[in-house]
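Protein sequence lines, in the order shown, are assigned to chains A and B.
For the first sequence, the positions run 1 to 458 when UniProt numbering is used.
For the second sequence, the positions run 1 to 263 when UniProt numbering is used.
No wet-lab data here; the hints were simulated from the structure.
Fair warning: this is a prediction, and the values are worked out from it, not measured in the lab.
Treat each hint with caution, since some may be false.
To be verified - Ranges of calculated distance between the beta carbons of each label pair, as one might list FRET restraints:
(1) B:V68 x A:S352: 55 to 61 angstroms
(2) B:G124 x A:F204: 51 to 57 angstroms
(3) A:R192 x B:D155: 53 to 59 angstroms
As the list claims (entries may be wrong) - Short, incomplete list of chain A residues facing chain B, as computed with Cβ under 7 angstroms:
(4) A349
(5) E353
(6) A362
Unchecked claim - Capping the alpha-carbon separation at 20 angstroms, the derived lysine to aspartate or glutamate pairs in DMTMM-like fashion look like this:
(7) B:K110 x A:E353
(8) B:K104 x A:E96
(9) A:K451 x A:E353
(10) B:K110 x A:D342
(11) B:K110 x B:D133
(12) B:K129 x B:D66
(13) A:K424 x A:E189
(14) B:K197 x B:E137
(15) A:K107 x A:E96
Heads up, the beta-carbon is just placed ideally off N, CA and C, and yes, glycines get one too.
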Amino acid sequence: MSPFALLFLIAGLGLIAWLTARARAMRFDRGGAKRLHSLPSQHGWYVAMWTVLPALLFLAVWGSVSPGLVREAVMQHPAAKQLPAFDFEREALLGEASRIAHTPGAKAFDPLAEQLAEPTRAAEKRYGWTGTAAAILLAFAGGAFAFTRIRAGFRARSRVERAVMLILLVASLIAILTTLGIFLSLLWESLRFFGQVSVFDFLFGTHWSPQVIDPADPGASLGAVPLFWGTFFIGAVIAMIVAIPFGLMSAIYLTQYAAPRVRRWMKPILEILAGVPTVVYGYFAALTVAPAVRDLAVSLGMTYASSESALAAGLVMGVMIIPFVSSMADDSIAAVPAAMRDGSLAMGATTSETIRRVLLPAALPGVVAGVLLAVSRAIGETMIVVMAASGAATITLNPFESATTVTKQIVDLLTGEAEFDSPKTLAAFALGLTLFVVTLLLNIVALAVVKRYREAYE
Amino acid sequence: MTETAPAPANDTGHKMSAKNVNVFYGSTQAIRDVSIDIDMDHVTAFIGPSGCGKSTFLRTLNRMNDTVASARVEGDIRLDGEDIYSPSMDVVQLRARVGMVFQKPNPFPKSIYENVAYGPRIHGLAASKADMDGIVERSLKRAGLWEEVKDRLSDSGTALSGGQQQRLCIARAIAVDPEVILMDEPCSALDPIATAKIEELIHELRGRYAIVIVTHNMQQAARVSQRTAFFHLGTLVEYGVTDDIFTNPRQERTKDYITGRYG
Ligand SMILES: Nc1ncnc2c1ncn2[C@@H]1O[C@H](COP(=O)(O)OP(=O)(O)OP(=O)(O)O)[C@@H](O)[C@H]1O
Ligand SMILES: [Mg+2]
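Between the sequences and the hints, there should be enough to build the whole structure, so can you do that?
In structure tokens:
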């Protein structure tokens, strides 16, 4: 039975369980009580859950165990003795056997795969049916168990409530566990990298040229400082020089000066800007801004100016971040109690004096937190730098020169021919881990600042 | 300036005088045809049930209603005979002359010193640091707060107790040497002891400034004011000497309100 049909069947069983249990609950002897603790449909839900959930749970577990069992069975076959010892080839053969088993009439390149196809098919069929039978049995058993428990005084309402709570909890844990999993895999690959290259060389080395790695001393050409500098220069300096003033000024205008009517259409437009796909900004940076910046540099007499300058990527990234800074600043200015503003105006201060002397200082922590979050977004931003920044790792203070970033290098390292054990590829994971940690720290600090600040006004 | 100009023909001799004032929020009218005179050596109390427009009217006196986009003020309000709503009136100057203390203490999140120095800085009242120190000390002394805070002027104003914060706000208001001080329920967020301190302070400030105080507390109005105005549904029902209003009100509505039979 196909997995889809099986799920359908279990859902059908659940529906039947719901209907039966509800019908039964409606006929309960109430024993004089005016109301049952639970509504008939809640009894229905209780039995339906017991029918469906254990079966699904079993199927989830079975789905991860059964390939192992199939493999075991195939290995018992005499032909399996001839399988090559080397992992990679053995996997390829078994994979091919499985493919032949699934597609009738398929031809094999390797006779051995042909021989193993039949046992594979048999084993898969056998375990498939075992799983199906067990799941259906479990559905029946669960349903029957629950059905015997419901009676007039049974608290199905509370049980269903608890089950719903559990389901929601699991759903919310999935995001957390996924993040944890990503972090652990990053950590794992990074540890392998640091087995070959010393942490010190990586974090403090100033020479980055992953194309030519000396096998005797890989650390010598995997010093990430130029990448850190480029990331910082583009994301935290150039982009912020654009984003902070403009974001702040637009927030001030929107909260303090704009008529409600203007605010009503301007704020959504700013928010739409935040939703423009970054690849569009990337085009803009690479095709429009970068040539213009280079021309400007050449006209300023810098003949060496790069068309992949730090300035072009940083400017466009800054524009991308403006709505983000603006909306954070807007929130924190709006959170300053109106009494502050009135107090200042009543002293005879003008609106701009009030903003400069009272509102901004009071909103500063929130603005700082917003800027930190903006920086963490900017340094993690990939598309713009992939399209507009350079691949050459240089340490420079001149924005017209080329600079590269961590994210750009990760993309470069992982695309192209990849050997998953080389220091070159593993370096991508170490870079990813560094970025992850820095971003995480920025976020934690920003959230702490925001929290402190909120408390100050409550 | 105004001192050198001849007194305008319509100078009534009152510190402030309002004639036929109407205030609208959008299309709803909050104040109807209110006329009232405020004098220098008096404390004037505004009383009346919640929502009757006391705050709204108070805020017309220093044009704080300008900060509410939907508010519109009609009528004639004069400070020393000068129309405060005329285009030639500078709001910045007006608010320096007519100070305001709010219901909830609202010190700025700055040091105590900076809170008091805020107004003088904006209006350029101090030529030197020593000048400013003098203004801060004098204002805090007048607000009765000096002894409590003189050793910690650099602490944050928000770290003070509620009553101290309110006196800080009063000090902040008098630091720019206003002529009129408007207080909108200045004690409603305070305990009885802090309230008594503020009332005492109002007594001391009387004569130096024209004071208008909005209050819900009849005893407070009776204790601190010499003139009382009773507002009801946006109109000024009765205005007169405080003792008369409380012992011998001419209007039935006033009597009902001050004896607590209102409702
Ligand atoms: N910003 C505003 N926008 C619209 N209507 C307002 C605004 N402020 C006050 N009002 C309305 O104007 C009327 C008078 O309000 P006001 O605040 O002046 O009353 P009040 O006498 O001070 O009341 P309280 O004693 O409760 O402070 C009320 O009906 C109120 O709803
Ligand atoms: Mg009020």
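Here's how the hints hold up against the structure:
{"no.": "1", "hint": "B:V68 x A:S352: 55 to 61 angstroms", "verdict": "violated, 19 angstroms"}
{"no.": "2", "hint": "B:G124 x A:F204: 51 to 57 angstroms", "verdict": "holds, 54 angstroms"}
{"no.": "3", "hint": "A:R192 x B:D155: 53 to 59 angstroms", "verdict": "holds, 55 angstroms"}
{"no.": "4", "hint": "A349", "verdict": "holds, 5 angstroms"}
{"no.": "5", "hint": "E353", "verdict": "holds, 6 angstroms"}
{"no.": "6", "hint": "A362", "verdict": "holds, 5 angstroms"}
{"no.": "7", "hint": "B:K110 x A:E353", "verdict": "holds, 15 angstroms"}
{"no.": "8", "hint": "B:K104 x A:E96", "verdict": "violated, 78 angstroms"}
{"no.": "9", "hint": "A:K451 x A:E353", "verdict": "violated, 27 angstroms"}
{"no.": "10", "hint": "B:K110 x A:D342", "verdict": "holds, 16 angstroms"}
{"no.": "11", "hint": "B:K110 x B:D133", "verdict": "holds, 16 angstroms"}
{"no.": "12", "hint": "B:K129 x B:D66", "verdict": "violated, 34 angstroms"}
{"no.": "13", "hint": "A:K424 x A:E189", "verdict": "holds, 12 angstroms"}
{"no.": "14", "hint": "B:K197 x B:E137", "verdict": "holds, 19 angstroms"}
{"no.": "15", "hint": "A:K107 x A:E96", "verdict": "holds, 10 angstroms"}
Consistency note: the structure conflicts with the earlier hints numbered 1, 8, 9, 12.
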